[in-house]
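Required output: the full structure, derived from the provided sequences and hints.
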Amino acid sequence: MCKKLIALLMAAMMLLSVAAACGKTDAPADNGNNNASGDNTSTNNTTTPDNTADAGKVYKTYLASEVASLNFIDNVDSNAATPAGYAMSQLWKMYPSETGTNYIWMDDLAVGDPIQVDDYNWQIKLREGATWQNGDPINADTWIFTFQQQLNPKLQMRMATFLYDNSVTIVNGEEYLMQGTEGYPAEVKWEDVGIKKIDDYTIQLTTEDEHNDPVTIKKHFDNRNLVPVHQGMWEECLSADGLTTSYGSDLEHFVGCGPYIFDTWEYDSIQIYKKNEAHWNADRYNFDTIEVRIVPEMNARVELFEKGEIFSFSPDANTIETYIDDPRMVSYPSVMVYDYDINVKNPENPLSGNNNFEKAMYHAMDRETIARDIYGYMEPTGTYINGMAGALSESGLCYRDSEYGKEVWDMIESWSAEGEVCGYNPELAYDYLMKAYADVGLPEDYVTTIKVMVSESAQTMQKSAELFMEQWPTIFKGKVQVETFMVASGMSLDMMEMQPESWDIVEMDWGRSLSRTLPYQVYYYHTKDYTARPTYTYTDRFEEQFAACEAVKSGDYETILQETQKLEIIALEDVITIPVVQGVNYELFADRLQLPMKQYVPGFGWGSMFGDIVE
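Counting from 1, position 82 in the sequence shown corresponds to residue 82 in this note's numbering; the numbering is continuous, with no gaps.
I should point out that these hints are in silico values taken from the structure, not numbers from a laboratory.
One or more hints might be untrue.
[Claimed, not checked] Using 30 Å as the maximum straight-line C-alpha spacing, the simulated DSSO-like pairs for lysine-lysine come out as follows:
| hint | residue 1 | residue 2 |
| --- | --- | --- |
| 1 | Lys528 | Lys435 |
| 2 | Lys566 | Lys528 |
| 3 | Lys57 | Lys598 |
And the structure:
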């Protein structure tokens, strides 16, 4: 279970990286979500931006750090989304809609939707005539070879998990990869793996999940870790013992097949891509040249942006003040929600585990102050389900923007004191504390000590604790005092489990990437099944409703939204966690860059790869 969970999280994080790649970004994964071609005859350091007079329309972007390898079926580095997006093709790909308000699925190396043979078998028709940059064909043999290498027991490719432990689970994929290790069969033949060639341009996948659908299949294979490898080059790069490969280590050991040719790779300096006019969908791409600079320093990004050497960047906390009112600035929600976990098993706190006490903590959070004065340029939130949840659904409708999500948001706002937001209500907080006192039989003059766990390296945690020390004695009319429990950096999770008596609440700041497809899955981190993080706040009815959501996860999205609303209300009533701040992404775009999207579309971004240059 633990291994599968880690793989699921890794996959979700990789999906998030590819999806974000279509927009402009300051993170490596955020630049380009489409395909390009590498050239096994290209050499490094052949071209520089200074000698590209014939470059035509040039899109200039950046990465925060260099990509380690072009072996995408093994590369866990989020930066790899950029070269994979430009230099490689996938089975299906997202493109901007004609209205620029959403994305559409289009064929890439596949043709048409996946065909369901029965509950477990799916056939994929491949594009006839598709070729590698060097002219070699891409066909069923290409994909069979790629998947066999991705599951090669000797190589142990790190991204093999996409073939056996994700939304599409190939029969015997994990068994083939792990054969001979403890808990797995001693030997598994490739013929027993659920990947078969039907004909030269048809492959068939046998999955373990009978609830897959065409959209799930397409979405799964729109992923930079599920791209083909060139068989001839792969075999040339494979070590004599078959345990390692130099495939993708440089341009001389790489072959691409996408809309752009990886032309120049000056490591830690610049990547240059040239449009592949032979690509089957070349007309959808307006840029003739793409320059990707490696720019780790924020000050350097600002300078390059103002000089027109990069067309977008995301300001950090120290830079955003300069640009906050700049008309070139846009913002949109991130997947991050900062929240406080509650300890319901503190043996030294008589209120621990009392629901009214938890509600008192919820309403005592001055979220506006925390968001603006402590985190800076983030948004207060009273709900754990972030603004991106459901972004990768077929409809592209985020839960928060649906009627169900809005109804819950209105409910939270109704809890707020006059002039306050997101459930902050000192009077209500005090009333709930008194109810908690009555529940457990405490005298009214009892003074409750609330211990806030604080990491010694986290300034936001420290400043938030200081705010609680300042506000809560007043909010609770002298019946609460606040103490801090300082822990070493990175030790919060361990101490939560090892010393339950040492804390009552602790700030957490995890990315909620799993919720991008199914909005309720944000709460998976707070279920009994999630063992990688100690949690103390699940309840029976919360668990039951989460299971109800899981039961309809492949069903109608309207039903999923309805069931998600039920789960969210239970989570708020039972105070599964105390959400405080919603992360916000900020980006600046050069005026000369014409974006194909009129708005940021979660799961697709701004589609900058399909943009244009206006002078």
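Hints versus structure:
| no. | hint | result |
| --- | --- | --- |
| 1 | Lys528 to Lys435 | holds, 28 Å |
| 2 | Lys566 to Lys528 | holds, 19 Å |
| 3 | Lys57 to Lys598 | holds, 21 Å |
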